[in-house]
Structures are given as C-alpha cells and as structure tokens.
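Assemble the whole structure, with the sequences as input and the hints as a guide.
There are 4 protein chains.
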Amino acid sequence: MEIQMWREILIPYQQAVQELVIKFTSIRTENNKLGKYSPVELVDGRVKKISSILDKARKKQIPLDSMEEEIEDIAGLRIICQFVEDIDKVVEIIRSRSDMEIKYEKDYISNMKQSGYKSYHIIIYYDVHTALGKKRIQAEIQIRTLAMNFWATIEHSLQYKYKHNIPAEIRERLMKAAEAAHVLDEELSTIRSEIMEAQNTFQYKSGV
Amino acid sequence: MEIQMWREILIPYQQAVQELVIKFTSIRTENNKLGKYSPVELVDGRVKKISSILDKARKKQIPLDSMEEEIEDIAGLRIICQFVEDIDKVVEIIRSRSDMEIKYEKDYISNMKQSGYKSYHIIIYYDVHTALGKKRIQAEIQIRTLAMNFWATIEHSLQYKYKHNIPAEIRERLMKAAEAAHVLDEELSTIRSEIMEAQNTFQYKSGV
Amino acid sequence: MEIQMWREILIPYQQAVQELVIKFTSIRTENNKLGKYSPVELVDGRVKKISSILDKARKKQIPLDSMEEEIEDIAGLRIICQFVEDIDKVVEIIRSRSDMEIKYEKDYISNMKQSGYKSYHIIIYYDVHTALGKKRIQAEIQIRTLAMNFWATIEHSLQYKYKHNIPAEIRERLMKAAEAAHVLDEELSTIRSEIMEAQNTFQYKSGV
Amino acid sequence: MEIQMWREILIPYQQAVQELVIKFTSIRTENNKLGKYSPVELVDGRVKKISSILDKARKKQIPLDSMEEEIEDIAGLRIICQFVEDIDKVVEIIRSRSDMEIKYEKDYISNMKQSGYKSYHIIIYYDVHTALGKKRIQAEIQIRTLAMNFWATIEHSLQYKYKHNIPAEIRERLMKAAEAAHVLDEELSTIRSEIMEAQNTFQYKSGV
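Protein chains in written order, with this note's numbering: chain A, 1 to 208; chain B, 1 to 208; chain C, 1 to 208; chain D, 1 to 208.
Note that these hints are calculated values from the structure, not bench results.
Computed from a predicted structure; not experimentally measured.
For every residue, glycine included, the Cβ atom is placed at its ideal position computed from N, Cα and C.
Fair warning: there could be bad hints in the mix.
Below, a list of computed lysine-lysine pairs in the DSS-like style, where the Cα atoms sit at most 27 Å apart [stated by the list, open to error]:
id, chain 1, residue 1, chain 2, residue 2
1, D, LYS135, D, LYS56
2, D, LYS33, A, LYS135
3, D, LYS135, B, LYS33
4, C, LYS103, B, LYS135
5, B, LYS49, D, LYS48
6, B, LYS33, C, LYS134
7, B, LYS49, A, LYS36
8, D, LYS59, D, LYS113
9, D, LYS33, C, LYS49
10, B, LYS49, A, LYS163
11, C, LYS48, B, LYS36
12, A, LYS60, A, LYS103
13, D, LYS59, C, LYS163
14, D, LYS36, A, LYS135
15, C, LYS176, D, LYS113
16, C, LYS113, C, LYS163
With the Cβ distance kept under 10 Å, some of the chain A side facing chain D (calculated, not the full set) [as the list claims (entries may be wrong)]:
id, residue
17, GLN4
18, GLN15
19, LEU34
20, GLY35
21, SER38
22, ILE123
23, ASP127
Following this line, the structure appears as structure tokens:
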C-alpha cells in the first residue's frame, strides 16, 4: 500500500530532522554556556507531509524514482536569527562542518524575491543510520531573521489559500508589511553591537 | 540557609507556571483540532530568578514578609498573538475562566509606554496543590503580538545593561524600531481576515 | 462525521491527562527539591484510542449517550512507585487533594486478581477548561510498583493477542513471572528504609 | 575558575548524549512504524556531574590531563530491553554502525558481578561538532533488562550511601532481590516469542 511505503521512505528524513534540530539548537546552548553571543536564536524542523510531496511531484512532473533527489525539502530546517548579520555567521558555521555537505546555496537576502520574500537557503546532504541501514538524504535549511520569518509564514499561507494567485490588493498590503519588517531589521542592526553586549550581560533568556 | 528557603518558596510558582503553560497552549491545540483560528500563537513561562526577586525587593523597599504579595511577577506567562485583535480575544478567555481570578489588568496597548512598549498585562490569582499543601499564588500574564514581543525582549536587555539609563541615541533607534514593529502589525491587521481564512485552510503549522 | 465528533469529545480528556501528568510528576520534583523521599517514581498518561472506546462500548452494550459516564478510563494515568508501601502514600495524597474528587477505589493489591494482576485503581472526577468551556470528566489512576507494572504491561498485550483466552501453559508461565515480581517487591520492602535514606543522600537520579 | 573550565569541557559530552539518545530512541520509533518488534524499550542518558568526575579522578589517582581519556563514563547512555535476548540484538546494532566506534565491551551478563549486578557495557568513541569545533569523545553504553536496571539503580544508591561497604545483611537481601529479578527475566524469556507477537498485534504502547 502506497501510504505504508511513504511512511517507510520518510523514516530517515524524520531521523535527520531530529538530529539536525539538536545540532543547530546546541549552537545556541553552547554559546550561552560560554557566555558568548549566539547567532542562532531559534531552530525548527519538519518533514514534508506525504500529500504535499505528491502535490509537488505532480506539479513539477517528477517521476517516482527521482522524487527523493529532486524534492530537496522533504526534510526542512528553519534557523531564526536576531539580526541580518547573524545569518552570515550561521552560513559560515554550516560551511565549516564535516557532518553535512552543501549541495548549493541560494541567497534571497541580497536578491529579495519580487514578493518581498527574504531568506538564505542551503541544501545539504546528510547521513543517517536507521533500522533500515545507513542512508544519505537531503535537507533544506532556511536561515532568516524573526521579522522575515513572521512575514514569510503569513505569505506562505496566503499563497496556499489563493493557489499562488494572491489578489493585487492583498499583495500590495503584504509588500508594505514586508517593508515594515525590513525597516525593523535595519533599525535593530544599527544598534546590534549594543544589543549583543546587553544580552551577554543579561544572560538573555528569550520570551519566544 | 536563605537559598534553600527561597527554593521552597518558589516550588508552588514553578508548579503554577507549568500548569498555566499547558492550559494556555491547549487553547491553540484545541482550536487547531476543531479547525478554528486560534488567537493564541505561542505560550512561554518562567519563574523569576531568586537574585532578581531580591533586587526588586531591595529597590522597592519591600519587607520580606510581604514580598510574595507585592512582587506580582514571580510567576510570569507570556502569550504571543499573531494580530493585535487577537489580544482582546485572549483577554476575554482569561476573564471567563473560573480556575483563575483576575487581580487587575493594565492596558499598555491603548496606552503605550513612553519607551514604545506595548503589551497587555493581567495579574491573576491561581491555586496550586504541592507537596506542601494548597496555596494561592499570583502570576503576571503578558499578552502581545510577535512584533511587540520581539521589540520588548530587546528593549528589556538594553534597560538591564544601561541600568534603566539608555543613552539618548540608542533610545531614539529603539523608538524607530518600535514604530516599524507597529506598522508591521497594522499592515497585517488590514488583511487579518484573509490571513485567518488562509491559515484555516492551510492547517497552519508555524515555523516559530 | 463520527471520527470528527470523537476528536471533539476527546479534547477535554487530552487536556486533563496533560494537566494530571504535570500535577503528579511535580510530587516527585518537589520532594527532590525539598531533599525528601518521593513516593512517586514515574508518571505516565494516555487517552484511550477511539477504536478501543468503541470496542469496549460494543462489548459492554453501552449506549452512545452514557459512554462518557460508563467508560471510566477514557483518560488514564499510571503512577509507578518504588515500593509497595509507597502506593498507600500516593493514595493518601490523592484523597487529600481538593482539585480532584474520588468516585471510588479498587484495591487489587490486597485482593490480587486471579491472573496475578496487582494494582491500586482510583476513579476520579476532574474539571477542565477547554475552548469549548468547562467540563467535568472522569479519569482512571492506576498505582503500582515497577515490577507490577512490567508484568501488567506484558499480560495486557497477551490478553489482547489471545482475546482474553490465554492458553494454560502461557498462563502458568505468567503466574510464575508474577510470583517472581512479587518476591522482588517483597525483598526490596525489607530494606526499604535503608534504600530511602540512601536515595536521599544520593540525590537519586533514576535511570528509567 | 575551575568550574567554568569544567563547564566548557562538558559541552561536547552533553551534545553527544543528546544526539545518542535521539539515535537509540529512533530504533524503537522506527521499528514501531515498520510494525516490527523493537529490541530497544527505553533510552536514557546523562552527563556525569563535575563533583563525581573529580571524586573518581581523586580515588583512581588520575592526573588532570588524562581524565578525559581514563574516565570513560563522562557521557553515559542506558538502553533498557524487555528481554535478555534483546540485549544481544542491541549489541549487534551498535557493532554495525559507522557513526560510532567501539573501544571495548564488557559482558556482565554472562559474567555476573559478585554483587548480583548484570549488564552489558560498551565503551564507544563518538564525534561531535560544537561551537568549539569537532571533537572525538568517549561514551559508556549500559544495556540491560528492566529488572536488571531496577535492581542496579537501587544497588548503586546503597553503594553510594555505605561508601562501598554495604553491611552483610543488606547485601544478602540485595542478592535475594537480584535472584528474583533474574527469575522474572527467565520466566518471561520462556514466553518471549508469544509476547513479541502479542506486542506486534497490539501496537504496544508501554506504560513506562
């Protein structure tokens, strides 16, 4: 039965997401313990739902046997940073690790999407050991600020609702909201060094 | 020894925070299960550190035997909403519950603090059963949007660093960041009904 | 649709289980903080699956409108103790609390079931606040030692497999295993005071 | 300050324990998803306390610079199995993985300690990536049945209380309890295949 087959296929992806969430979260925990500023604020992960995988395959006409190679975000990680500048730091950390290999990167921060979307994407290869043996899987890591993430989450649900045909008026409002989000990020960047120091003194324990 | 005494005093507060986090988080879980929009996006709780309690008591000259009555935020809850409008919904829910009693409310949303701080505060009384028996404690609930919370967390650490004397230049930047945060909230409010519907269709699973 | 109706019915039970797990777990946490021995070793909870509820209703010929009253273990809690003597302590704590009301108790420790099953059962009424309002639900609390629990979990799966007709030979083996479990409990009871003291000194951090 | 130095030293061990708990727990999750019996029932991990590390170093006269090599259980994992036979299965899984390397094994099951202690120990090398770079650390994995674990936890606290000089009478009682634990394991082993099948049908969801 197809559902059971997909459940088996997804096992290593679930395992990978769990391991990667632990690994990226520990960047924050460790910096806190060392009394240092952490470029990572929050980490979140998910495995794509079977229905979404099949939708994407149908839309992009991907045959069953190349799905796992071509659908790069079956395992998805999201790393939230406080400041735009922290995003580069996180990218550097990922590049320097030997337990994951970068397939490619996409910089939607320098090159904002037309919609207002900003985010840094990295596709990695990652090895997992499961009850079925060792397997190399792919995962998509999205790195963004809290403001970018807030906006992106909302835009994503609207894209979904309007099947990628968001009405002009709503698109305009979204664009204005995106601008406000970017202003917020820029204003905070100007006092980033003060905030970083403040948070080190404070043993910062975020509310979110 | 004083530290051990404080550890005992804090036991019911820790218990209360755990119970209240479960209770408010369930508002979101339940609405999701019912396929309805949830006014609660995220819930977070903490018990004030012993050192912060003693600092506050010293500064406000509160005698030891009235500390638990006068320091109202030993147990602290934070409820994050997507939209400004959701804050009222959450306040209504709290008012209608019989397992907590409201001491008073403070509306820093209609009446923004001079610093740019916006948030809705409710002080409640709440009964807990512990190894030491039943006890009525107080808790402070802060209700705010994600943008308000982001800003407030940063401002709080700067207040701490500069011992409530933030330099004029930084204060100005903070004020501008607060304005951007409020614009972001306002823009999103104008398309709130579209977003709410979109998230209901989408079975919204937030990234943060 | 029936499944959706059951999902709604189960919401307050899920909420209750979460709250009760927190409440009973805190007995252990608090005693540890106070440097005292905890009669509670482990707490576990679950909501009965919809299919199991319907099976039970069919078998016992319970009409739909009295299911929630007659099926008393829709919400189930399990409290594991180190020693037989601790079970009484936990029963005392439950009897003394005002946030739950006892419907009745069943003592399968003094009166072991023929199968070898030992456990202390308490059915309680408990109030929960949900998105749908306040509701009084029932929950079954099973209190047992680790050895009793280990045995009971295995016996339960065999009852299920053999549809309550476990072959004589296996029943005999189970009976012998139950006896060994009881000997283990008795031997440890004889040195209970030494172990309790040891664990207090040790700041006992159990492996399971 | 020494404490801060130790906090830094322990960071990779904490990271390793978190990753290994996830990895071994997933053996159970995956087998459940595949509808297969899992040899792993429970997984638990801890990092040795700084005070215990220093005690051990003092007692064994280990110099500071070889502590990390000679104290092999700074990172400790415990894997609990339902049946004695499952222990071998878990050992096989560990031997076959390429993300951890075995330093050596100790079989206290075939060769029970004089005290009654039974358990299978494996010391592994494991690579972790931390904020401080990549590091190879050691971890001790203890594999045992639930009954062995129950007994061992109690014996450990008594050893600690009596500073490894447990009075003869208590030692005797412990020995009898160990025998009961072994009888329990043996009786259950005789019906292991029935229980395994039963648990597969049952979609076994253990209480502990």
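Evaluated hints:
no.: 1; hint: D/LYS135 x D/LYS56; result: 23 Å, holds
no.: 2; hint: D/LYS33 x A/LYS135; result: 17 Å, holds
no.: 3; hint: D/LYS135 x B/LYS33; result: 44 Å, violated
no.: 4; hint: C/LYS103 x B/LYS135; result: 24 Å, holds
no.: 5; hint: B/LYS49 x D/LYS48; result: 26 Å, holds
no.: 6; hint: B/LYS33 x C/LYS134; result: 17 Å, holds
no.: 7; hint: B/LYS49 x A/LYS36; result: 21 Å, holds
no.: 8; hint: D/LYS59 x D/LYS113; result: 21 Å, holds
no.: 9; hint: D/LYS33 x C/LYS49; result: 17 Å, holds
no.: 10; hint: B/LYS49 x A/LYS163; result: 49 Å, violated
no.: 11; hint: C/LYS48 x B/LYS36; result: 24 Å, holds
no.: 12; hint: A/LYS60 x A/LYS103; result: 20 Å, holds
no.: 13; hint: D/LYS59 x C/LYS163; result: 57 Å, violated
no.: 14; hint: D/LYS36 x A/LYS135; result: 20 Å, holds
no.: 15; hint: C/LYS176 x D/LYS113; result: 25 Å, holds
no.: 16; hint: C/LYS113 x C/LYS163; result: 18 Å, holds
no.: 17; hint: GLN4; result: 9 Å, holds
no.: 18; hint: GLN15; result: 5 Å, holds
no.: 19; hint: LEU34; result: 7 Å, holds
no.: 20; hint: GLY35; result: 9 Å, holds
no.: 21; hint: SER38; result: 8 Å, holds
no.: 22; hint: ILE123; result: 19 Å, violated
no.: 23; hint: ASP127; result: 7 Å, holds
The structure does not agree with the numbered hints 3, 10, 13, 22 stated previously, though it agrees with the rest.
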